[in-house]
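> Going line by line, the protein sequences match chains A and B. For the first sequence, numbering that gives the first Met the number 0 gives the first residue as 0, with consecutive numbering after it. For the second sequence, numbering that gives the first Met the number 0 gives the first residue as 0, with consecutive numbering after it.
The calculated label-pair distances, taken between Cβ atoms and stated as ranges, are:
1. A:Lys306 to B:Glu246: 41 to 49 Å
2. A:Lys62 to B:Thr253: 15 to 23 Å
3. B:Thr191 to A:Gln279: 39 to 47 Å
4. A:Lys306 to B:Glu82: 56 to 64 Å
5. B:Tyr257 to A:Glu6: 57 to 65 Å
To give a feel for the contact side, a few chain A residues facing chain B, derived at Cβ under 10 Å:
6. Gly52
7. Gly174
8. Gly291
9. Glu296
10. Arg305
If you are wondering where the hints come from, they were derived from the structure by calculation, not from laboratory data. Each residue gets a CB set at the ideal place from its N, CA and C atoms; glycine is no exception.
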Amino acid sequence: MNTFDLEKIFQEKIDGEIKIEPKDWMPDAYRKTNIRQISQHAHSEIVGMLPEGNWISRAPSLKRKAILLAKVQDEAGHGLYLYSACETLGITREETINDLHSGKAKYSSIFNYPTLTWADMGAIGWLVDGAAIMNQVMLTRTSYGPYARAMVRICKEESFHQRQGFEILLVLSRGSEEQKAMCQDAINRWWWPSLMMFGPHDSESTNSEQSMKWKIKRKTNDELRQNFVDMCAEQVKILGMKLPDDKLKWNDKKQHYDFGEIDWNEFWNVVKGNGPCNKQRLDARRKAWEEGEWVREAAAAFAEKRKARQQAA
Amino acid sequence: MNQLLIDYTLHLADNSLILGQRNSEWCGHGPVLEQDIAITNISLDLIGQARNFYQYAAQLINAQDKSEGPKAPAPLERGFGGEVTEDSLAYLRKEREFSNCLLVEQPNKDWAQTILRQFFFSQYQYLLFEQLQNTKDEQLAAIAEKSLKEITYHLRWSGEWVIRLGDGTEESHQRMIKAIDELWRYTGEMFTPAEYEKTFGIDFNKIKEDWSQKVKIIFDEASLIPPLGGGGAAFMQTGGKTGKHTEHLGYILTELQYMQRAYPRCEW
Numbered sequence: 000m001n002t003f004d005l006e007k008i009f010q011e012k013i014d015g016e017i018k019i020e021p022k023d024w025m026p027d028a029y030r031k032t033n034i035r036q037i038s039q040h041a042h043s044e045i046v047g048m049l050p051e052g053n054w055i056s057r058a059p060s061l062k063r064k065a066i067l068l069a070k071v072q073d074e075a076g077h078g079l080y081l082y083s084a085c086e087t088l089g090i091t092r093e094e095t096i097n098d099l100h101s102g103k104a105k106y107s108s109i110f111n112y113p114t115l116t117w118a119d120m121g122a123i124g125w126l127v128d129g130a131a132i133m134n135q136v137m138l139t140r141t142s143y144g145p146y147a148r149a150m151v152r153i154c155k156e157e158s159f160h161q162r163q164g165f166e167i168l169l170v171l172s173r174g175s176e177e178q179k180a181m182c183q184d185a186i187n188r189w190w191w192p193s194l195m196m197f198g199p200h201d202s203e204s205t206n207s208e209q210s211m212k213w214k215i216k217r218k219t220n221d222e223l224r225q226n227f228v229d230m231c232a233e234q235v236k237i238l239g240m241k242l243p244d245d246k247l248k249w250n251d252k253k254q255h256y257d258f259g260e261i262d263w264n265e266f267w268n269v270v271k272g273n274g275p276c277n278k279q280r281l282d283a284r285r286k287a288w289e290e291g292e293w294v295r296e297a298a299a300a301f302a303e304k305r306k307a308r309q310q311a312a
Numbered sequence: 000m001n002q003l004l005i006d007y008t009l010h011l012a013d014n015s016l017i018l019g020q021r022n023s024e025w026c027g028h029g030p031v032l033e034q035d036i037a038i039t040n041i042s043l044d045l046i047g048q049a050r051n052f053y054q055y056a057a058q059l060i061n062a063q064d065k066s067e068g069p070k071a072p073a074p075l076e077r078g079f080g081g082e083v084t085e086d087s088l089a090y091l092r093k094e095r096e097f098s099n100c101l102l103v104e105q106p107n108k109d110w111a112q113t114i115l116r117q118f119f120f121s122q123y124q125y126l127l128f129e130q131l132q133n134t135k136d137e138q139l140a141a142i143a144e145k146s147l148k149e150i151t152y153h154l155r156w157s158g159e160w161v162i163r164l165g166d167g168t169e170e171s172h173q174r175m176i177k178a179i180d181e182l183w184r185y186t187g188e189m190f191t192p193a194e195y196e197k198t199f200g201i202d203f204n205k206i207k208e209d210w211s212q213k214v215k216i217i218f219d220e221a222s223l224i225p226p227l228g229g230g231g232a233a234f235m236q237t238g239g240k241t242g243k244h245t246e247h248l249g250y251i252l253t254e255l256q257y258m259q260r261a262y263p264r265c266e267w
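Bound-form chain A, shown alone (with noise of 0.2 Å):
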């Protein structure tokens, strides 16, 4: 069969809803698109451990450590799927996280902000993971297979998470004045770049088209920034905080929530690697990495012995 046939089939399996599966022919840029994505993704979840983690010691209860703890321990199994995902497209974990360490691939901008207060334990759960969650819904129905049952099962954890950082405010809000100043801050340092999180505007955004087409994207970045919204504008009343934004406004005849512009300067900065915290995170991954090797090397080198002893006896 020639390249022709071969494409038009496998655009009749994407319109016809049928998955994509690791065995199956496949464009080289559907191939590379989904490598790119589905890594971005993975790296996002390792380095999404940072901010987050850097509370662990601090947390304010044994109960909140213990569910902090498990947070972060489900955001490093996430990566672990995600990877996995990325290898049935032939790249292994090593060198998709080479690429992380090289800055080559990238992760998603929020994680270079700061967790300043333990508030931000809160704001991340319910803005972060809340964007997250928009934007990983949609992939559950992506066309590449693996891709969409490792969402299907983050999925249900994430929607967890984002309940016990919507809790954490809530607990803020009816709590001493300090702690509802803290509160406020902290939705007022996170709602912008939760805003960043869908990506640039759709008539902006370079991959979308194709991405929309091969169905590896379902719903537009405007459209899912939107969605996010119209969702948070209605949740901060329950807090009795507000969002930081002065154009933010019930829009009777579009039936969504008008709002102000992203400070776009501050969004290619950061994506730059130019944000607060762009190198610290990067160099406590490579640290990780690079501090891990003689664990890794030991353990390598300890299966062999024990694979030729095995063989030997």
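Mind docking chain B on chain A? Use the hints.
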């Protein structure tokens, strides 16, 4: 009698909490993703044990307060409404009131030291809790029994890593030797009972004997040798069980207790 039970329960809680806190420092920084998850799991188990013990201690203290009136000067900070809670015990007691063993507060350093600390402690905890599940205090016995399932896994995991590192590469072997040199001096304290440990029918001599034997088996397989062949001659540091700690504990508590100290009497 009740004071001894309270002191003993707090000691068991402190052991688990401090090691759990130490292990949690690895979360997000482990040498490989699977092991990051494993050490976090152990940390979670330990914090869970600590919570069970603290909750029990709080219950005992609150009951004692009701019958005898709070002790003056109060040995423990009171939490909300004057009631002691798991959190007031973990977050409001001070350096000299913590009675964990010195071993568990030692720094993580590298993976070899973390592994060895876990192995030494899990082996001890396993043997101790095996006896403790038959102690006459039903609540302690129940917590011990429940925890043993987890500890069995901690012991297997850390023991396997001791072997893997001891018998891995030259570098990992050297790092294990260094870890033994750092940590061996803190093992003796575990088998030296404080006053509050003496009335629960625990045979510490047997724990010590079994511990030495089990450690030797794993060390043999890992091509490692305990100092002075593991005999009784090596000098052992003590004091943690009676609140005389290494300098590390103050820093652990500074971080652990930061929020409760900075924002007193809040709910989280």
